[in-house]
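Trainee: Protein chains in written order, with the working numbering: chain A, 1 to 231; chain B, 1 to 231; chain C, 1 to 231; chain D, 1 to 231; chain E, 1 to 231; chain F, 1 to 231; chain G, 1 to 231; chain H, 1 to 231.
FYI, nobody ran anything at the bench for these hints, they're computed from the structure.
Honestly, I wouldn't trust all of these hints.
[What the hints assert, rightly or not] Once the Cα atoms are required to be at most 30 Å apart in a straight line, the calculated DSS-like pairs of lysine-lysine come out as: (1) LYS229/G - LYS229/H; (2) LYS11/G - LYS11/F; (3) LYS11/A - LYS229/C; (4) LYS229/D - LYS229/C; (5) LYS11/B - LYS229/E; (6) LYS11/F - LYS229/E; (7) LYS11/D - LYS229/H; (8) LYS229/A - LYS229/B.
Since the model is a prediction, treat every value here as computed from it, not as a measurement.
Here's the letter readout for the chains.
Protein chains: 8
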Amino acid sequence: MNASELDALLKAVRDGQVSPADARARLAGYATEDLGFATIDHAREARTGWPEVVFGAGKTPDQVAAARLPRAVHHESARAITVEVTPVAPLRGGVAVVCAGTSDLAIAEEAAVTATFQGASVTRIYDVGVAGIHRLLGRTSDLREADVVIVVAGMEGALPSVVAGLIATPVVAVPTSVGYGASFEGLAALLAMLNSCAAGLAVVNIDNGFGAGHLACTILRSAARLQEKNR
Amino acid sequence: MNASELDALLKAVRDGQVSPADARARLAGYATEDLGFATIDHAREARTGWPEVVFGAGKTPDQVAAARLPRAVHHESARAITVEVTPVAPLRGGVAVVCAGTSDLAIAEEAAVTATFQGASVTRIYDVGVAGIHRLLGRTSDLREADVVIVVAGMEGALPSVVAGLIATPVVAVPTSVGYGASFEGLAALLAMLNSCAAGLAVVNIDNGFGAGHLACTILRSAARLQEKNR
Amino acid sequence: MNASELDALLKAVRDGQVSPADARARLAGYATEDLGFATIDHAREARTGWPEVVFGAGKTPDQVAAARLPRAVHHESARAITVEVTPVAPLRGGVAVVCAGTSDLAIAEEAAVTATFQGASVTRIYDVGVAGIHRLLGRTSDLREADVVIVVAGMEGALPSVVAGLIATPVVAVPTSVGYGASFEGLAALLAMLNSCAAGLAVVNIDNGFGAGHLACTILRSAARLQEKNR
Amino acid sequence: MNASELDALLKAVRDGQVSPADARARLAGYATEDLGFATIDHAREARTGWPEVVFGAGKTPDQVAAARLPRAVHHESARAITVEVTPVAPLRGGVAVVCAGTSDLAIAEEAAVTATFQGASVTRIYDVGVAGIHRLLGRTSDLREADVVIVVAGMEGALPSVVAGLIATPVVAVPTSVGYGASFEGLAALLAMLNSCAAGLAVVNIDNGFGAGHLACTILRSAARLQEKNR
Amino acid sequence: MNASELDALLKAVRDGQVSPADARARLAGYATEDLGFATIDHAREARTGWPEVVFGAGKTPDQVAAARLPRAVHHESARAITVEVTPVAPLRGGVAVVCAGTSDLAIAEEAAVTATFQGASVTRIYDVGVAGIHRLLGRTSDLREADVVIVVAGMEGALPSVVAGLIATPVVAVPTSVGYGASFEGLAALLAMLNSCAAGLAVVNIDNGFGAGHLACTILRSAARLQEKNR
Amino acid sequence: MNASELDALLKAVRDGQVSPADARARLAGYATEDLGFATIDHAREARTGWPEVVFGAGKTPDQVAAARLPRAVHHESARAITVEVTPVAPLRGGVAVVCAGTSDLAIAEEAAVTATFQGASVTRIYDVGVAGIHRLLGRTSDLREADVVIVVAGMEGALPSVVAGLIATPVVAVPTSVGYGASFEGLAALLAMLNSCAAGLAVVNIDNGFGAGHLACTILRSAARLQEKNR
Amino acid sequence: MNASELDALLKAVRDGQVSPADARARLAGYATEDLGFATIDHAREARTGWPEVVFGAGKTPDQVAAARLPRAVHHESARAITVEVTPVAPLRGGVAVVCAGTSDLAIAEEAAVTATFQGASVTRIYDVGVAGIHRLLGRTSDLREADVVIVVAGMEGALPSVVAGLIATPVVAVPTSVGYGASFEGLAALLAMLNSCAAGLAVVNIDNGFGAGHLACTILRSAARLQEKNR
Amino acid sequence: MNASELDALLKAVRDGQVSPADARARLAGYATEDLGFATIDHAREARTGWPEVVFGAGKTPDQVAAARLPRAVHHESARAITVEVTPVAPLRGGVAVVCAGTSDLAIAEEAAVTATFQGASVTRIYDVGVAGIHRLLGRTSDLREADVVIVVAGMEGALPSVVAGLIATPVVAVPTSVGYGASFEGLAALLAMLNSCAAGLAVVNIDNGFGAGHLACTILRSAARLQEKNR
């Protein structure tokens, strides 16, 4: 909103042409609540389609407890807690979660649980690393049925490049810190994914299964909105 | 395709239940052409929805000339050549390309031209860096109308985080090498985007406007396919 | 401004208790102008006390020319152009610019010209590196007379630590890319300054003489405002 | 002091024109005390306005105990011990401490306690990260009332850039090691702050809340001295 | 296999000229077994001459237990478990394992056990670092008798360069993480080996004794196959 | 040779049991020639099976000319000069040189020319990158016929992992500096190859086609020697 | 020894002109003892003036015990064990060990104990960091009396530059890992010392107090030998 | 000088017991001359035994010309200019300069010229890299005759470790930027030298031949002073 538009809006409020409630809606997304040590952003879900997520590291138990989680579910393999405040509407479309080796399972599950929690249907394609490429090729039809594919890989991080060369679907690449020596805690896999010769991989942070699941669902929701518009 | 499925398919060919042509289709995507110094992957478009792109660096003029480009168009600001072999069908859905400063223009244009060439409609929102945050907030409605948003930023790379906090659309983040000193040729911006507190940014390589435009169109095409399925 | 304050403001506009102009002032700083390739932030000076600065790298001559600079002055040693749109009021207080070696002169001058342009009086104390510490000690009284001290150093970047141990004034440390080998383009000096045992150095980017001069003047202006309040 | 000035001073002592005490004052700041394993710098406070701070890491309990702390106060949230040897005079002017997320609280508190201990009045503005930018904008007036603003942020470290674009006050930026993967223990946030497009951020070391609080108070003390001079 | 070859093969199956079994053999290496959390690649040994190796990191005991290891042997000094499912045929040719210091023993043993398990005869030449070069020179004849030499070294990683200058045999260089400070967990040794003035060192990952032993045996097996062909 | 062995040898010389010539042979490989600015190692070929190679960088034309090259051949595509002083005997066994993209051609040719010069027969398999994996799979039989495979790849460096999963032959991996942004001049490809899940890749320095060709021939020569021994 | 010299020597042995014992002396330094897991270099002391030092990391207690240390002394503050097999002759000349802060004490003591064990007389000048430069200046005469000065510093590592500017004695600089954040485990101090504007600092590895003490004594011994020659 | 010593000195001046000239001598080393852009440290030679060296990078011709060099000599191979203001007295003792390959010649010459200019006698031992270790061993007696040895090496930087294991003399190690790929402009050689298993190498900055020559002469001068004291 530029200066003259703001002027016009405020004059319209003064003149009774726009109600304060409507004006507030046009200036919306500003509602926050100050808890002292935290500022809860209640409008985030309306604005971004995603409720606030709490990053637990570095917080005292009391600070975490202040969030009052009545219906928490602990997903052990994904090392995450989800809280179903209100049932999430199912998303149309499927997410395939692919991982290179079984050491990448925890991050793959973090992505799968995140996407499931948001309403997506999830297919798991695990342990199909590039050193035995035929395992992956044997799952090509499963890959092609998905609407978004998340590929989780540590070590040399080559799997997303190969997957993206097989399908026309958006590929979200998640480097993991699995490896040793010159893997440098996932840096090798991260750099490989950023430099993929398969153009247009969507790369997220090392070990960020949550971000990958979130991004996949954001893509599915965007598709749903686009469908609404085109009706 | 696992071992018994392969067996079954081959037996069905022997027994005349499946024609060689159909069997080949199930094993498809293998057609290639060997030019001596290059192996053209003619099936890529059918497989991935995207024609082969030529990376010109390190090639002799003769090698580039061998590609015979009858209808090439040079996009100067985007530093790219596009070749319209067959008209590309327009994609439903819009892409907003946002950049932080005018020094990021060339990369932003590379993304915009790539998306336009693929049939997307593109809105440009340029020079809205975070040090004058109200310029960005004034364009919020434009941002919300897009189906995918590409955000291009150098220096501290903070813009994608702010944009992703305002909208529910997928955000593709492109770090640029704009900066000096501790920007380390775009590393600072790249790390910032990978560590965004706005979960689920899709990050691409430094200065990779092409990859960002490609990813945005892949998302739009995926949405179109999903719509087809849901009909 | 939280949600209820916004409500209250808008209702006050509707009820005529607050004029649109006053409401706009409370929502101020939003005025921008869209030039197509750039979005000029005319309110920045009012908001931050500093006019917009143009980063020239990566821009075409036409894009730079669009800025129409009637009274530009080229400061050759500082590799900068200043444009005196309106005379800047002199700032109370002095800035000392210190540099370790004569190879750091260009960056030191960039800081000195920036501070002078903003109205500060500048004292130059050049070539007083730590390998001949008595040169620096001989200028201690000059250092103590300054209200802010900018210290520019490449190579091992030790000078700011020594200066900060001698005086009670804020010290702005500017690492430069002067050096070779393991200086890694100024990284060595940058890390040294960030790790100074003299607590509270204000470090800026490598070769960022402009930022240092700007920060020094921001400190002087803040002191002036504080004085106004305390009257 | 150059060679001839030193000559002149010493001759004046010989001739009785300057007393040894006055000469010593002109050569002051040299008083130290040797404890064997440590050399206490008793003159530091007079010279820099700041008593000696003990860095506890790597010291034996006996070495720490040798410091005899009669009135120590442990600030748990800030992980610091302060020792009020003599009451510190209150400083005129306020410091706002801003942090991006609640995981950054410990470092923010370290800065706040340090500034409070030095006599500054401190306002806390916590959990206002850039992914919900309106939380920050809602506190703009608090930010503008401060005389120095300390901004603490991990992950992508974008908050200081946004804050510095809103106000005319000096901004001290503190990167924290909060994050994972490509945050590389705070490196991502550090680089982002050094490359801020908001010119003139004062950056300190990763997790250096103490340095930030110290720098803020140094700025306030410098303002007070400037005011004395201008009377 | 290109498209026309695939066509020809399938038509030959249809016409009864090639049995499905033979066709499957020509498309071999696709047999996999899906355990849910893992996809076992049973054809790997036939394809690469090496049974599947399990990377234990990040797996639950149940996942490891699922592999049912009836005849496991724990090699303590090599920190490895080998499982002799079928007796491995002895390889013709010897492997010398050389290490610089006794701190590198565990990695050297990992290489030696891996090569022994594969059927190679192994000679150990330990503690012959370059700071006492005559210890190494005294073992030159042992080095020359080997068919492949593995050299394990941490710290400055100089040993492989010296060894490779003495013999005509392939040298596999293994950097270790032994060292401190600027060894950066083996990076110094890795870089030294990659930059060896002795052309053609085969470098593997830091601490990757297993990979070195595997590579040495791959070379011996390749020599055996070549001998078969030349008969 | 330990101390007592040395004693025994020298006493045998004294007693006429060993001739000085034989003793010298047992202490062989020490013959060098001092040119003033260079020390030619004439014994290297006898010792390592490889004549001395001249690294031209940083030398004056006169210094290079001092080498007197009567039959030099310039291989333009490989950016190398070979000098056939004496005809090299052909090596038994074939080397396949594989490259990912046509931008990697120069390095692949450097490897191919080096191997050809040493007497190996070379098969080129170019432009078979992982984003179109079927191009590579179509050449599997060519790969399996080689005795050593050199794989050259820039960008994400994934190709060697895939190749090594398909065959039982030693694989030499050559990272190239082809790429941009986060490829960091070949670092991304180098790290990927060092972290390959396909155990036992032999990695050489970035862009080191010469080293790869040399290593491949060293392996072939070692196989020939092993065959001699086993006769 | 070149080839003809070797020939001549061996012929002289044959002809009885040189005894085997004398010949052995001219080929000396080859005596080693193989313990299986270690190769003891008994000639090292004669060759380099320094007995073998055992690096304990990564060794089993049994391997360390094999060294049989009858007269071991544990220096707790230096975290070292010294074993006086034969009394070391005192060295002429003094070593000053200087450290910046008390957190650097353990490394400084490691250097001091190492030098003392070798026979040097050691002066400790501790806690004289650059933020209180006068503490250092007050010890200038002590510094000038030393024949070698070791300077130990963490954080910004500036102290060796300042010391080297004050004296004409060789300065050995030891970076320590003391610090946090952007000190990166001593990297900041290491880079600072390598880039010192005081030409000719002798830098050793991070935390390598032992190496510094050893180097200092090597310099003193070299001086003693030079004095012998000049008599 | 501590506070009471300063008091005592000044009182002695007042009482005529110490003349101002003597007092000044005890406070010596403070004489400087301010040229405006540079502060010449005329006392440096007296203080450190070394005249001021001018680092030319980043200076204008006029600034360099201001130094008025009447008897400059250009040493082309060393890329240095020396100015013999006063004849330098010859130093007792010899310096051996060793380099690994002929590409390192320029840096080796920079060290040799620097040492020659200071009065040392210099022996050059060039092109004796570790891949042909016998070239180096053949020069052992030359190495043992030197009083300080400078070793210059790029690539893997292994030469100083081997040299230091052969002799009892101080070794100054100079990494060079010779190399490519993972040499990272000399970083590989630098890290190798810092991590040498030969304790107590004196490492200087990459390509810093000047610093190495200076350090070698500082050691020789220290030996001469020690000899004076012991007379």
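Trainee: So which of those numbered hints doesn't the model satisfy?
Mentor: Structure breaks hints 3, 5, 6 and 7.
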